[in-house]
Amino acid sequence: QLQLQESGPGLVKPSETLSLTCTVSGGSISSSSYYWGWIRQPPGKGLEWIGSIYYSGSTYYNPSLKSRVTISVDTSKNQFSLKLSSVTAADTAVYYCARHLDYYDSSGYYPAAFIDYWGQGTLVTVSS
Amino acid sequence: DIVMTQTPLSLSVTPGQPASISCKSSQSLLHSDGKTYLYWYLQKPGQPPQLLIYEVSNRFSGVPDRFSGSGSGTDFTLKISRVEAEDVGVYYCMQSIQLPPNLTFGGGTKVEIK
Numbered sequence: 001q002l003q004l005q006e007s008g009p010g011l012v013k014p015s016e017t018l019s020l021t022c023t024v025s026g027g028s029i030s031s032s033s034y035y036w037g038w039i040r041q042p043p044g045k046g047l048e049w050i051g052s053i054y055y056s057g058s059t060y061y062n063p064s065l066k067s068r069v070t071i072s073v074d075t076s077k078n079q080f081s082l083k084l085s086s087v088t089a090a091d092t093a094v095y096y097c098a099r100h101l102d103y104y105d106s107s108g109y110y111p112a113a114f115i116d117y118w119g120q121g122t123l124v125t126v127s128s
Numbered sequence: 001d002i003v004m005t006q007t008p009l010s011l012s013v014t015p016g017q018p019a020s021i022s023c024k025s026s027q028s029l030l031h032s033d034g035k036t037y038l039y040w041y042l043q044k045p046g047q048p049p050q051l052l053i054y055e056v057s058n059r060f061s062g063v064p065d066r067f068s069g070s071g072s073g074t075d076f077t078l079k080i081s082r083v084e085a086e087d088v089g090v091y092y093c094m095q096s097i098q099l100p101p102n103l104t105f106g107g108g109t110k111v112e113i114k
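Which chain is which? The protein sequence lines are A and B, in order. Under my numbering, the first residue of the first sequence carries the number 1, and numbering increases by one thereafter. Under my numbering, the first residue of the second sequence carries the number 1, and numbering increases by one thereafter.
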């Protein structure tokens, strides 16, 4: 059974960089047909896709966050990571890592909204 | 960006009664491959979301058949034929047709039991 587990600091100071890692167990992050993504949820609010990465390193980001987000993958450790720079209180949220299928468009493979595995989520608070 | 609009914001349902949630997208979700990239999720209290329905009307593995999805183009509906206590939570629709990718969720519909 595939499992995803987020890890990282629960408290980050304003203007600093939020860093989280998702460790995948029970399966390989190098499997074809899957993207690995980050999704967040501010307390009491809805869900926001942050971005996704393929094991090859191909990434896609939410345009509203793109200037501050970097997602990377370490296939040797079966992990992928999120960095969000210049954080503010508005970045306080539960951060989920997840696996989703890809789909084929004439220009390539892209992350689909078919998300079949989620981590339990980790709350990151931005505060001084 | 494709905006997903869900209605109602909340529902209070008597057990055994049906429930219906609407999701409208600002652009068609029909892809040239013939598939429509509209998905439904349920987030139970204190849990991550779980996939219910993919590509409009296909139930994900293990999802009870009281859940059904329908619609086309820009208008979609999730129906629960007979609501049970375990169905409480927030339901979200989501799309993934936009390129470059920008996966977006609806604002959510909270379902509670009367």
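Simulated from the structure, these hints should not be mistaken for laboratory data. The reader is advised that the hints may include incorrect statements.
[To be verified] Under 8 Å between C-beta atoms, here's a sample of chain B residues computed to sit facing chain A:
hint	residue
1	Ser-22
2	Ser-26
3	Tyr-37
4	Phe-67
5	Gly-71
6	Pro-100
[Stated by the list, open to error] If the Cβ cut is set under 10 Å, some of the chain B residues that face chain A in the computed set are:
hint	residue
7	Asp-1
8	Leu-11
9	Ser-12
10	Gln-17
11	Lys-35
12	Leu-51
13	Pro-101
14	Asn-102
15	Leu-103
Because the structure is a prediction, the values reported are computed rather than measured. Using N, Cα and C, we set each Cβ at its ideal position, and we do this for glycine too.
Hint-by-hint comparison with the structure:
The restraint placing Ser-22(B) at the interface with chain A is violated, with a minimum CB-CB distance near 16 Å, outside the 8 Å limit. For Ser-26(B), the shortest C-beta to C-beta distance to chain A is roughly 15 Å, which exceeds 8 Å, and the interface hint is violated. For the restraint placing Tyr-37(B) at the interface with chain A, the shortest Cβ-Cβ distance is roughly 6 Å, inside the 8 Å limit, so the hint holds. Look at Phe-67(B): its Cβ only gets to about 16 Å from chain A, farther than 8 Å, so that hint breaks.
Annotation: Gly-71(B) was flagged as interfacial toward chain A, and the flag is violated, the nearest CB pair being 15 Å apart, outside 8 Å. A least Cβ separation of about 6 Å between Pro-100(B) and chain A falls short of the 8 Å threshold, and the interface hint therefore holds. Because the smallest distance between the Cβ of Asp-1(B) and any Cβ of chain A comes to about 7 Å, under 10 Å, the interface hint for this residue holds. Look at Leu-11(B): its Cβ only gets to about 16 Å from chain A, farther than 10 Å, so that hint breaks.
The beta carbon of Ser-12(B) comes no nearer than 19 Å to any beta carbon in chain A, farther than 10 Å, and the hint placing it at the interface is violated. Hint status for Gln-17(B) relative to chain A: violated, with the closest Cβ pair at about 26 Å, above 10 Å. For the restraint placing Lys-35(B) at the interface with chain A, the shortest Cβ-Cβ distance is roughly 8 Å, inside the 10 Å limit, so the hint holds. The interface hint given for Leu-51(B) holds, since its Cβ lies 6 Å from the closest Cβ of chain A, which is under the 10 Å cut-off.
Taken as an interface hint, Pro-101(B) checks out: its beta carbon lies about 4 Å from the nearest beta carbon of chain A, inside 10 Å. At about 6 Å, the closest approach between the beta carbon of Asn-102(B) and any beta carbon in chain A falls short of 10 Å, and the interface hint on this residue holds. Against a cut-off of 10 Å between C-beta atoms, the interface hint on Leu-103(B) holds, since the closest Cβ of chain A lies about 4 Å away.
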